[in-house]
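Mind docking chain E on chain G? Use the hints.
Just so you know, the sequences run in chain order G and E.
Position one of the first sequence corresponds to residue 5 (our numbering), numbered consecutively onward.
Position one of the second sequence corresponds to residue 5 (our numbering), numbered consecutively onward.
Everything hinted at is true.
Simulated coverage check for chain G against chain E, where a stretch passes if three residues somewhere in it have a Cβ under 8 Å from a Cβ of chain E:
id, stretch
1, 196 to 206
2, 361 to 368
3, 423 to 433
4, 452 to 463
Label pairs and their computed distance ranges (CB to CB):
id, chain 1, residue 1, chain 2, residue 2, range
5, E, 381, G, 256, 54 to 62 Å
6, G, 259, E, 381, 46 to 54 Å
7, E, 111, G, 449, 14 to 22 Å
8, E, 21, G, 48, 50 to 58 Å
9, E, 116, G, 449, 23 to 31 Å
10, E, 112, G, 151, 39 to 47 Å
Hints listed in this document are in silico derivations from the structure and should not be mistaken for laboratory results.
All values derive from a computational prediction rather than experimental measurement.
From the three backbone atoms N, C-alpha and C, an ideal C-beta is built for every residue, glycine too.
Number of protein chains: 2
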Amino acid sequence: MSEGTLQVSSRVDDLATLASQLSPGALVTDRDVIDSYASDKALFCPAGRALGLIRARSVDDVVAVMRFATEHRIPVVTQGARTGLSGAANAIDDSLLLNVAGMNEIVAIDPVNQTCRVQPGVINQDLKTALAEYGLSYPPDPGSVAISTIGGNVATNAGGMCCVKYGVTKDYVRAMTVVLADGTVTKLGRQTAKGVAGLDLPALLVGSEGTLGTIVEVTLALKPALAPPITAVGIFPDTASAGRTVTEYMGSGASPSLLELLDGPTVKMVNDYGDFGLPDDVGALLIVQSNATGGGAVEELEAFQRVAEANGSSEVFVSDDPADSEMLVAARRAVGPAMEKYAHTRGGGELIDDVCVPRSALGEFFEKLRLIDAQFDVEVATAGHAGDGNMHPSVVFDAGDEAQVAQAQEAFAAIMQLGLDLGGTITGEHGVGFLKREWLGHELDAGARLMHTQIKDALDPLGILNPGKMFG
Amino acid sequence: MSEGTLQVSSRVDDLATLASQLSPGALVTDRDVIDSYASDKALFCPAGRALGLIRARSVDDVVAVMRFATEHRIPVVTQGARTGLSGAANAIDDSLLLNVAGMNEIVAIDPVNQTCRVQPGVINQDLKTALAEYGLSYPPDPGSVAISTIGGNVATNAGGMCCVKYGVTKDYVRAMTVVLADGTVTKLGRQTAKGVAGLDLPALLVGSEGTLGTIVEVTLALKPALAPPITAVGIFPDTASAGRTVTEYMGSGASPSLLELLDGPTVKMVNDYGDFGLPDDVGALLIVQSNATGGGAVEELEAFQRVAEANGSSEVFVSDDPADSEMLVAARRAVGPAMEKYAHTRGGGELIDDVCVPRSALGEFFEKLRLIDAQFDVEVATAGHAGDGNMHPSVVFDAGDEAQVAQAQEAFAAIMQLGLDLGGTITGEHGVGFLKREWLGHELDAGARLMHTQIKDALDPLGILNPGKMFG
Numbered sequence: 005m006s007e008g009t010l011q012v013s014s015r016v017d018d019l020a021t022l023a024s025q026l027s028p029g030a031l032v033t034d035r036d037v038i039d040s041y042a043s044d045k046a047l048f049c050p051a052g053r054a055l056g057l058i059r060a061r062s063v064d065d066v067v068a069v070m071r072f073a074t075e076h077r078i079p080v081v082t083q084g085a086r087t088g089l090s091g092a093a094n095a096i097d098d099s100l101l102l103n104v105a106g107m108n109e110i111v112a113i114d115p116v117n118q119t120c121r122v123q124p125g126v127i128n129q130d131l132k133t134a135l136a137e138y139g140l141s142y143p144p145d146p147g148s149v150a151i152s153t154i155g156g157n158v159a160t161n162a163g164g165m166c167c168v169k170y171g172v173t174k175d176y177v178r179a180m181t182v183v184l185a186d187g188t189v190t191k192l193g194r195q196t197a198k199g200v201a202g203l204d205l206p207a208l209l210v211g212s213e214g215t216l217g218t219i220v221e222v223t224l225a226l227k228p229a230l231a232p233p234i235t236a237v238g239i240f241p242d243t244a245s246a247g248r249t250v251t252e253y254m255g256s257g258a259s260p261s262l263l264e265l266l267d268g269p270t271v272k273m274v275n276d277y278g279d280f281g282l283p284d285d286v287g288a289l290l291i292v293q294s295n296a297t298g299g300g301a302v303e304e305l306e307a308f309q310r311v312a313e314a315n316g317s318s319e320v321f322v323s324d325d326p327a328d329s330e331m332l333v334a335a336r337r338a339v340g341p342a343m344e345k346y347a348h349t350r351g352g353g354e355l356i357d358d359v360c361v362p363r364s365a366l367g368e369f370f371e372k373l374r375l376i377d378a379q380f381d382v383e384v385a386t387a388g389h390a391g392d393g394n395m396h397p398s399v400v401f402d403a404g405d406e407a408q409v410a411q412a413q414e415a416f417a418a419i420m421q422l423g424l425d426l427g428g429t430i431t432g433e434h435g436v437g438f439l440k441r442e443w444l445g446h447e448l449d450a451g452a453r454l455m456h457t458q459i460k461d462a463l464d465p466l467g468i469l470n471p472g473k474m475f476g
Numbered sequence: 005m006s007e008g009t010l011q012v013s014s015r016v017d018d019l020a021t022l023a024s025q026l027s028p029g030a031l032v033t034d035r036d037v038i039d040s041y042a043s044d045k046a047l048f049c050p051a052g053r054a055l056g057l058i059r060a061r062s063v064d065d066v067v068a069v070m071r072f073a074t075e076h077r078i079p080v081v082t083q084g085a086r087t088g089l090s091g092a093a094n095a096i097d098d099s100l101l102l103n104v105a106g107m108n109e110i111v112a113i114d115p116v117n118q119t120c121r122v123q124p125g126v127i128n129q130d131l132k133t134a135l136a137e138y139g140l141s142y143p144p145d146p147g148s149v150a151i152s153t154i155g156g157n158v159a160t161n162a163g164g165m166c167c168v169k170y171g172v173t174k175d176y177v178r179a180m181t182v183v184l185a186d187g188t189v190t191k192l193g194r195q196t197a198k199g200v201a202g203l204d205l206p207a208l209l210v211g212s213e214g215t216l217g218t219i220v221e222v223t224l225a226l227k228p229a230l231a232p233p234i235t236a237v238g239i240f241p242d243t244a245s246a247g248r249t250v251t252e253y254m255g256s257g258a259s260p261s262l263l264e265l266l267d268g269p270t271v272k273m274v275n276d277y278g279d280f281g282l283p284d285d286v287g288a289l290l291i292v293q294s295n296a297t298g299g300g301a302v303e304e305l306e307a308f309q310r311v312a313e314a315n316g317s318s319e320v321f322v323s324d325d326p327a328d329s330e331m332l333v334a335a336r337r338a339v340g341p342a343m344e345k346y347a348h349t350r351g352g353g354e355l356i357d358d359v360c361v362p363r364s365a366l367g368e369f370f371e372k373l374r375l376i377d378a379q380f381d382v383e384v385a386t387a388g389h390a391g392d393g394n395m396h397p398s399v400v401f402d403a404g405d406e407a408q409v410a411q412a413q414e415a416f417a418a419i420m421q422l423g424l425d426l427g428g429t430i431t432g433e434h435g436v437g438f439l440k441r442e443w444l445g446h447e448l449d450a451g452a453r454l455m456h457t458q459i460k461d462a463l464d465p466l467g468i469l470n471p472g473k474m475f476g
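Bound conformation, chain G alone:
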């Protein structure tokens, strides 16, 4: 018997001990089930062979897992709905998958203080639906809003279409309960509107991708229900003119509640996917909404129309019909599945990038993106949160063709480099995970890299919290 086998046998015995400390049935050792939980939605990120899967039902379950992991020096990968796009939730060899999607209770909704407390597995849209009954809203709306969890949203600082007016997940996180690497349970942050008692530890945990602790409860600040928007669509001959429109419009102090861009190839894919009433044969579309009250929305969309036309838009449609608004947002939300369908016909490869550049650089970004598209033997189709400068160029390629795969990876990297060259970031909202861990080192300077390592080592001295993710 080899040493390796011995070690595994001993670990299987240990797992039986762990099982006895968990909610009944929480520990899964069936290989097929474990492996079915091994990946999130990122491409080119390896999924390791986990020792076991824990479908946690309670904070006690999480504590038991972390104590066990600390005792046995076993890596732990915390997961929610595994809708991430960076491989952060992917299994590591000989790790435990700690899935908290089943901890999905809305603990409390407090209309007076306009806050709520939720477990990490609550689905974003489910929370929105529950809050609507109280006339409240939780704005952050990542593309995965219907299927992703609040815990995952917090762990990745998720964004979405609302950010241009309403900010990102971190702007809503007041407090959280976290299970630390050694199983200690701690409450971080505050329940109040303001507070400066000590370091802002919730802010450190937001976006930490499971590398510093496991979030088991979150207190979120809420807003009153958002006013319904009116919508405009601008048609452009090319992405650069659309980009310049965004630069000028946002620079004028406009505060749209949504400002999304779809380039020509993306519009084609969406039109092939379903009928959302989009025009065909366009260079680019901008969808813009305003929910300003008291006539402000009309003013804001009229201003958009002026700026768009001055920058070469051939036509701007404005509508205050809620059905049109819903249809256009549905079209934007259809970009993901439409691209997936299209990529499937081209060999299945699709790498979604997520650079964010200063809004002043959008015109130049699109001009240079066209050069990247021309340089590599792949297709690049782009949609994104233009109002924030946060663009998602998708590289579509034949995943079965080695040369295409290499080209796709080079194009993907060239897009990130372009983002950095324009003073931007390699990731506006998708996170680092495994996919961009080497690239994080390009974005951060030596001091920032050292601070990351120092904080990681301080809070996770055994290196058991999602090792190999984020930190290259």
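Leaving out everything else, chain E in the frame of chain G:
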């Protein structure tokens, strides 16, 4: 010659070496000048005897100080305008005072991206004035707005009257350049509207009170110039009814741009200090403003009037005259000097507390605050940012009377305990510093305390960054 004297002689020689590495005249060794920089505005916080004062003029100066401090294991206390209220900027024995108030350049204002880059010594109001020329605003407005620095505002996560609608300092910080304990210069954060590349290190530095690094440049997000507000004043028989009004009004989803409370004793002090048109003999006043556009402001103040009257307000005045608005804000801003003047007549003692409670608890907070006022042989006068639940009860006492001093300290502590008992925090915006370092341990649980220590030790292994502040 004693060992102590030897050590001091050697340090004086060392300081000469340091001086040669700094901008000409940056190092001050004149004892009187050093001592005149030894304190911020907090009471009951000891000021130590610093070795020297460096009036830094450049990042290089800060780097030289930190390298020197690391080499010689000398504590460094970073300071701005020393307007803080927690003793965070107070000298420590044998420390270096690193004053960055002279690094006061507005490096860049970027109207297109609505950001600016500023050195830490820029005065908040000076930045506001410069931005107004571009039609831009930086909302955070601590009471010290006319005299405090952006660096200090960031290091303490300063708040103010705008927070109820526009948030606090941390909501505006995108990036910063920091000099770490060993003199390493690092850029943290991003210039873009969104970004999730790595841990949110700027958020960790915001509010860190000089314990993790020295901030030498900040990139701030800006807003378009704020719309001018209209104003209402509600008169109440007591603070509890005013508190209940705030709870109900804010719970209705109102979004006032200012919602301040002054209790009866405070109103008296302000009226003794100057004529701001405030009524006399009131239990409490609420000042509320709305700058909602398109008729929204009038609606919001009418709603306030209804809620106030339903909760016992005897009268609500509404005005859309900008002069009235300015006068009332001036009255609120006069609370500080008015209390100081009053306290002077009572023996000079004034301890300003800074608890923040959930808005739902404001009624109960005021009821119990009255009991504290009655229990101790001191006067308690309260003003504060009621819309955020962030109240500043001031304990006024005879600083020359030992018994009164003891009573004042007990009352001060009782107010913090009341804040904690109601689910609040010991500090909404003033910070921990020296004044509340023991209390931080009461607010944080064991896990959070450990995380603080781990992070502090990781980023400042020699313990030279403002030691003894924040961490008890």
